[in-house]
Amino acid sequence: MRIPIYQVDAFTNRACGGNPAAVCPLEGWIPDATMQAIAAENNLSETAFFVPDGDGYLLRWFTPTTEVEICGHATLASAYVVFRFLSRERERVDFRTLKVGTLIVRRMGEELAMDFPARPLRPAGPYPALAEALGKAPIEVYDGWARLALYEHASEVEALAPDFGAVARLDRINVIATARGGSGIDFVSRFFAPAKGIPEDPVTGGAHCALAPFWAERLGKSRLRARQVSKRLGDLYCEHRGERVTIAGKAAFYMQGAIEI
Amino acid sequence: MRIPIYQVDAFTDRVFGGNPAAICPLEDWIPDATMQAIAAENNLSETAFFVRDGGDYFIRWFTPVHEMDLAGHPTLATAYTIFRFMEPGRDRISFRTVKAGTLVVAREGDLLSMDFPARPPSACATPPTMAAALGKAPVEVRAARDYLAVFERASDVAALAPDFGALAKLDRVLTIATAPGEHGIDFVSRCFAPAGGIDEDPVTGSAHCTLVPYWAGRLGKTTLRARQISKRVGDLYCEHRGERVSIAGKAAFYMQGTIEV
Numbered sequence: 014m015r016i017p018i019y020q021v022d023a024f025t026n027r028a029c030g031g032n033p034a035a036v037c038p039l040e041g042w043i044p045d046a047t048m049q050a051i052a053a054e055n056n057l058s059e060t061a062f063f064v065p066d067g068d069g070y071l072l073r074w075f076t077p078t079t080e081v082e083i084c085g086h087a088t089l090a091s092a093y094v095v096f097r098f099l100s101r102e103r104e105r106v107d108f109r110t111l112k113v114g115t116l117i118v119r120r121m122g123e124e125l126a127m128d129f130p131a132r133p134l135r136p137a138g139p140y141p142a143l144a145e146a147l148g149k150a151p152i153e154v155y156d157g158w159a160r161l162a163l164y165e166h167a168s169e170v171e172a173l174a175p176d177f178g179a180v181a182r183l184d185r186i187n188v189i190a191t192a193r194g195g196s197g198i199d200f201v202s203r204f205f206a207p208a209k210g211i212p213e214d215p216v217t218g219g220a221h222c223a224l225a226p227f228w229a230e231r232l233g234k235s236r237l238r239a240r241q242v243s244k245r246l247g248d249l250y251c252e253h254r255g256e257r258v259t260i261a262g263k264a265a266f267y268m269q270g271a272i273e274i
Numbered sequence: 048m049r050i051p052i053y054q055v056d057a058f059t060d061r062v063f064g065g066n067p068a069a070i071c072p073l074e075d076w077i078p079d080a081t082m083q084a085i086a087a088e089n090n091l092s093e094t095a096f097f098v099r100d101g102g103d104y105f106i107r108w109f110t111p112v113h114e115m116d117l118a119g120h121p122t123l124a125t126a127y128t129i130f131r132f133m134e135p136g137r138d139r140i141s142f143r144t145v146k147a148g149t150l151v152v153a154r155e156g157d158l159l160s161m162d163f164p165a166r167p168p169s170a171c172a173t174p175p176t177m178a179a180a181l182g183k184a185p186v187e188v189r190a191a192r193d194y195l196a197v198f199e200r201a202s203d204v205a206a207l208a209p210d211f212g213a214l215a216k217l218d219r220v221l222t223i224a225t226a227p228g229e230h231g232i233d234f235v236s237r238c239f240a241p242a243g244g245i246d247e248d249p250v251t252g253s254a255h256c257t258l259v260p261y262w263a264g265r266l267g268k269t270t271l272r273a274r275q276i277s278k279r280v281g282d283l284y285c286e287h288r289g290e291r292v293s294i295a296g297k298a299a300f301y302m303q304g305t306i307e308v
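Going down the list, the protein sequences come from chains C and S. Using my numbering, you'd call the opening residue of the first sequence number 14 and step up by one each time. Using my numbering, you'd call the opening residue of the second sequence number 48 and step up by one each time.
So that you can see chain C by itself, here it is in the shape it has in the complex (with noise of 0.2 Å):
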């Protein structure tokens, strides 16, 4: 069986930034064992997988080990295949996913914008494991689907060294860590998931889906430029919308083929 593929890199505008991602169109669904192997065999933090369904696509994503409930990065990176390579007359790309409802992608110029919920996270008390893994206390913490630490200065967000097999013995699997940025930039994150077999994840869409609610309200303004701090670099443009978020970014195209299996 022959199956197409690309790489793309979300959240830039240059190849070999951003956060890579693999995507492959299917005419219809393979086994899931498959789906877990071929994103395994892709070592990047996700594969999506997509099947025409109406109008539309039904999306979903695999790490290296798990499948995922919603991922950002790499619904970018469909979009951005199905804009240049399948479908290049389409303004928007409504893609059906298993959990999080219908994810609606815009091309608006280079940029790619998508409609996400918003997924708030409430505070929470002192968590001394958090801060032990991290390598460094944090003022706050707030939890839900992810804990967040949040800290006063960017630079100690970029400065962190984390404990991954610490980190990877939390009670969630995500951890954000985030800080007001600076000269344009209203908030920096990194990103942690070691037991899903992600110690850092170069940029994440997913996680904005918190961020912006978060610091919507701490900096009292619903549109956000926001950058992940990780080694790779990631810029993203959000806009808080209630039950919503906008997430938008570039993307850069890295690769195109076929695997055989």
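Please keep in mind that the hints were generated in silico from the structure rather than gathered at the bench. No experiment lies behind these values; they were computed from the predicted model shown. The hints are all genuine.
Restraint ranges, calculated between C-beta atoms of paired labels, are given here:
#1 G156/S <-> G41/C: 34 to 42 Å
#2 W42/C <-> D138/S: 38 to 46 Å
#3 V112/S <-> A46/C: 26 to 34 Å
#4 A46/C <-> R192/S: 36 to 44 Å
#5 S202/S <-> L39/C: 39 to 47 Å
As a list, the in silico DSS-like pairs of lysine-lysine whose alpha-carbon atoms are at most 30 Å apart:
#6 K112/C <-> K209/C
#7 K278/S <-> K244/C
#8 K244/C <-> K216/S
Yeah, the Cβ is synthetic: ideal placement off N, Cα and C, and Gly gets one too.
Given chain C, put chain S in place with the hints provided.
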């Protein structure tokens, strides 16, 4: 710039097993920083680059974070790519390298046999943190380029759950754990290189430059059947020939494409 890319699983006869390597045939050398960025983007344990050199080839290998002086599985995968796609009439290739002399790969049926330098391990002091980092104390430790941690039973090696942060602090990049095999396998191994960006390498040809002389001496035989018991599993057919070792295995094709950087 467009560059062809292949992904091949080495030391296995089935796709998704063995160790995946990316292979980029080049018409001429490109900047080191570009090769390093491509290897980081691919995020496989190694990406091999090679150019024509007389009637043969010159090869270099990059992990996601640095250039390697010697690497087995991407050499096997490169030979597979040349034999299958570029020069189907050939059955022997010499690869010139920067630091490891000339490596010859010969095809015998579906087995590809590599001629590598022997790197026999010498007795050494056991690093005080090694037992804690591996989670179990080895019965013997030796060293060459890599540490060789010898255990009593294959099940001891299979059960290791190392603390990768602690292993990364040892003074050698690669730590090999090994033990006698069973059911026709002479020895088993696992290879950890967290400081090189790879917590566990699925199958490691170059580790057998050290494993083969050690087990040949200990078992009193020169032809050895080896299995690397990572999750993906690799099978290696080895021969100790004094200053050199022959390391052979099969390979499985996964993907072919073009990158644009």
